[in-house]
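A.B. asks: Given next are the chains, with one letter for each unit.
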Amino acid sequence: MADVRDGLCYTRTHEWVRVEGDIAVVGVTDFAQAELGDITYLELPEPGTTVKQGDSMGVIESVKAASDIYAPVSGEVVEANNAVVNTPELVNKSPYDDAWLVKIRMSTPDELKQLMDAEEYRKYLAETAATA
Amino acid sequence: MAPKVTPLIEQHRALGARFIEFAGWLMPVQYEGIVAEHLAVRSRAGLFDLGHMGQLAVRGRDALPFLQFVTPNDVGSLKPGRAQYSMLLYPNGGVVDDIMIYLRPDREEYLVVVNAANTDKDFQWLLERRADHPEWVVELEDISATTGMLAIQGPRAERILQRVTEGDLSTIRPFDTVQTTVTGVPTLVARTGYTGEDGFELYFPIEATVRLWDRLLEIGRADGLVPVGLGARDTLRLEACLPLYGNELSPEITPLEAQLGWVVKFHKGSFIGREALERQLQEGVPRKLVGFELVERSGIPRHGYEVQLAGRRIGTVTSGTSSPSLGKAIGLALIESSAAGIGREFDVVIRGKPVRARQVKTPFYRRPRQRIGEGIES
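Going down the list, the sequences are from chains A and B. According to our numbering, the first sequence is numbered sequentially starting from -19. According to our numbering, the second sequence is numbered sequentially starting from 145.
Hints are computed from structural coordinates only; laboratory data are not their basis. Among the clues, some could well be false.
Claimed, not checked - Here are the computed lysine to any residue pairs in the SDA-like style, where the Cα-Cα straight-line distance is at most 20 Å: (1) B:Lys472 with A:Gly17; (2) B:Lys497 with A:Asp35; (3) A:Lys93 with B:Gly160; (4) B:Lys497 with A:Ser47; (5) B:Lys497 with A:Tyr21; (6) B:Lys497 with A:Ser36; (7) B:Lys497 with A:Val65; (8) B:Lys497 with A:Thr29; (9) B:Lys472 with A:Asp35; (10) A:Lys73 with B:Tyr175; (11) A:Lys73 with B:Lys497.
Stated by the list, open to error - Here are some chain A residues pointing at chain B (derived, C-beta under 7 Å): (12) Gly17; (13) Asp18; (14) Leu105.
Yeah, the Cβ is synthetic: ideal placement off N, Cα and C, and Gly gets one too.
Isolated chain B, as found in the complex (with noise of 0.2 Å):
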């Protein structure tokens, strides 16, 4: 099946883009480079083409405890405008995808954004989820098809934006969205991101793809503004110790397992996998996702490469890389508990041959002057 492609591949080609075809997409995976893409999101801004992820529309009367319910955070706590990070697990535990859920600032609709590879998926598992339950008025609909979606991320990433901006981005708190025009496109601009920096992603109807795009480039040039292939979107996310999925979540991993407990809501009443999940917290999690680096330079740990501890299997390197912002190999590793503690050592099997490696605090990378209260939504 020939890959789908976004409204921007002519603009991909046209900037000397390299492809790759991921989750079904041709996506550009880089245009100048990997490396000068990343230190460009991290000292200047990037624009990056997410054409290829899905959008969910969820409304209707019991919108929200149908979304209570099969998400494990509490969209309860979510006021108008706002956006959470969540997921959609299955009753083991184990996880469907993870998501966004923004509630929209204008009206009584909740927008679920998921993983490109996931999209399908996500919408059969939520049709399903709802026929369990008949007495719920709920309406499901993909609009994957007619929305647009870009970020563009970095330090100078509001500076650029404000320009072709209608509302005042600077009162945006992170997590936080606006409802505005962007070069006169009704856009609803979130504080959101997948790279450890400042930014914002954007949702408007997808006709205006290519138009947002080029007029960002264009306006963004003096400033720095990159187009950004998905290689560094995964090694800026990787720094920023942002899960992936199908790396660091899966249906054979929790979201316990992942370190991602402050997601789960404990207090908020029945959710799909909670029971699973409250035997986990009780019996304690058998692996724990690690971050690391390695201790000699003998490679780079790989996504599947084998974690051993004195020749012994205790789990898996989930993501690895050569971090271009530290310079050093770093990766993600899933190992049993108890081997587990900042400062331990087990070696990652590189080539057959185990090499040495520490695990570290993470994120590997936090961006310098973070205001007070400013983070990941809990």
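Bound-form chain A, shown alone (with noise of 0.2 Å):
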């Protein structure tokens, strides 16, 4: 079973976010993860850069498919994790604590409401899994 978190927020495309503030710490899920596979690529925004919540932010790549990385909320990038992106294997061993992907500072918190807690993307897994 993948391992979802207690006390981070998640998007039905698999990206969670941890609420520091106004800063919103964005990464990959675990189920993510091992739904890619291998992970041999990341493609982050460059701090500075805008992004809208559910905007293409970046891409993430292993070795059997590519998949874009959604921002969860809106706001500006003020950090990229360097670490990840020359270590992307780091997503598959740590999704949730070395392989954060961006800080975002939101210019919206209120489109956190929009996102879905643990005990609910818990249930949107379990519901996926049944139709897949």
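Fit the two chains together into the complex; they arrive one by one in their own frames, and the hints show the way.
C.D. replies: Here's what the structure looks like:
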């Protein structure tokens, strides 16, 4: 079973958000990394980039597939994790900790209400599995 | 339509496989992970379920002239117990399928192994070509439903397989076969494969599939044998530059363009596609398959991506991946011949952005300690 951390917010496209004041720390979930398999390439937005909720802001590629990374909230990217760009397999090893991807200064914190909490995301994964 | 499954579906589930639908079959794409499985085959050994592949039997008085007519390689040079890589071609030189032909060691019968996606098409094609020549006495049979197939590949494949094989494997050269027993099951053991490593492909009565799979995994465990899915099968074959039908070969691509001219033996006489290929040889091939690696770290090339030179389209990526052995983004591309040449550069368009790539020598990966004279049968 995929690991789902309590206390984080989740998108239907399998990003997670950890809220630290007005900053949203963003990564991809354990389910996403397992689905993608061995991750070998990441493209993240430069700091200073403005992103809108739901827009593609980066790319994650595994040996078998390429997938977009969507902005879970709107705002300005203030930091991108260079360590994970240089060592993409960190996403497989530590999706919720070492492999955070970007920090976004939220322009519209209300958008967080549209995300799922851990319980809802677990249910969402169970439904996804049932229809797959 | 529900996908077909091999006899090993429950084994794969128990091993925690992830599945994909491939050519109408539900097949394991990975167990532990593509990179781990890939590296296991390069350094130890891997076991592959090839139950989706097709097998056709060709026998009868005129089996040889028939196969000579429908394939470009010289079947006449094939000795009993030997294997030969070949193709079925359309009259325009395009490829119906790429195939392996074995002349059985124990009887006058050719075993033709074909791609899963093409089994029905190939069999139909052969039936029609036979109908074109009613004077030939040829028996054709699709034996896919009764033939089991596994591959064990990697530097430790021989050591592992030998423990349960009656015959002596050390005397079997590449592209040789022996009819023997494996775990007591009558099996055609062939020193062939699709990984660029030493290894074997096994053909046996389909009812024995589970027994062979379980037993091989069990006795190979101490040597690091692991099950390998289609994901690593693809990265392994791509590093070794072995073509995949639908990528490097298709009805629109000739063997000459795919750099497989060695398969075509003009000296052997008439065969389907001959005139078109001779013409192409005289006029020069318009396109060439080349190997490349990305110069910039800016994504992974994939099948179908456009290849450009100074902004002009010159071809298409046929296969691409992130190479587990080399740690680089590599690929094969079919490009205008005038742009081909080792060391020359072009751009691969990844998500709308041209990314610089350099043509390199192929294969990308060659296994160490290769003995002289080993390699692809010509």
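A.B. asks: Give a verdict on every hint.
C.D. replies: For each hint, the structure was consulted:
1. B:Lys472 with A:Gly17: Given pair Lys472 of chain B, Gly17 of chain A holds - Cα atoms ~17 Å apart, limit 20 Å.
2. B:Lys497 with A:Asp35: 18 Å, holds
3. A:Lys93 with B:Gly160: 36 Å, violated
4. B:Lys497 with A:Ser47: 16 Å, holds
5. B:Lys497 with A:Tyr21: 16 Å, holds
6. B:Lys497 with A:Ser36: Since the Cα atoms of Lys497 of chain B and Ser36 of chain A sit roughly 16 Å apart, the hinted pair holds (cutoff 20 Å).
7. B:Lys497 with A:Val65: 19 Å, holds
8. B:Lys497 with A:Thr29: 19 Å, holds
9. B:Lys472 with A:Asp35: 29 Å, violated
10. A:Lys73 with B:Tyr175: Roughly 16 Å between the alpha carbons, so the hint for Lys73 of chain A and Tyr175 of chain B holds.
11. A:Lys73 with B:Lys497: Roughly 30 Å between the alpha carbons, so the hint for Lys73 of chain A and Lys497 of chain B is violated.
12. Gly17: 6 Å, holds
13. Asp18: Where the cut-off is 7 Å and the nearest Cβ of chain B is about 4 Å from Asp18 of chain A, the hint holds.
14. Leu105: With Cβ-Cβ at 15 Å, over 7 Å, it is violated.
The structure is inconsistent with the numbered hints 3, 9, 11, 14, although it conforms to all the rest.
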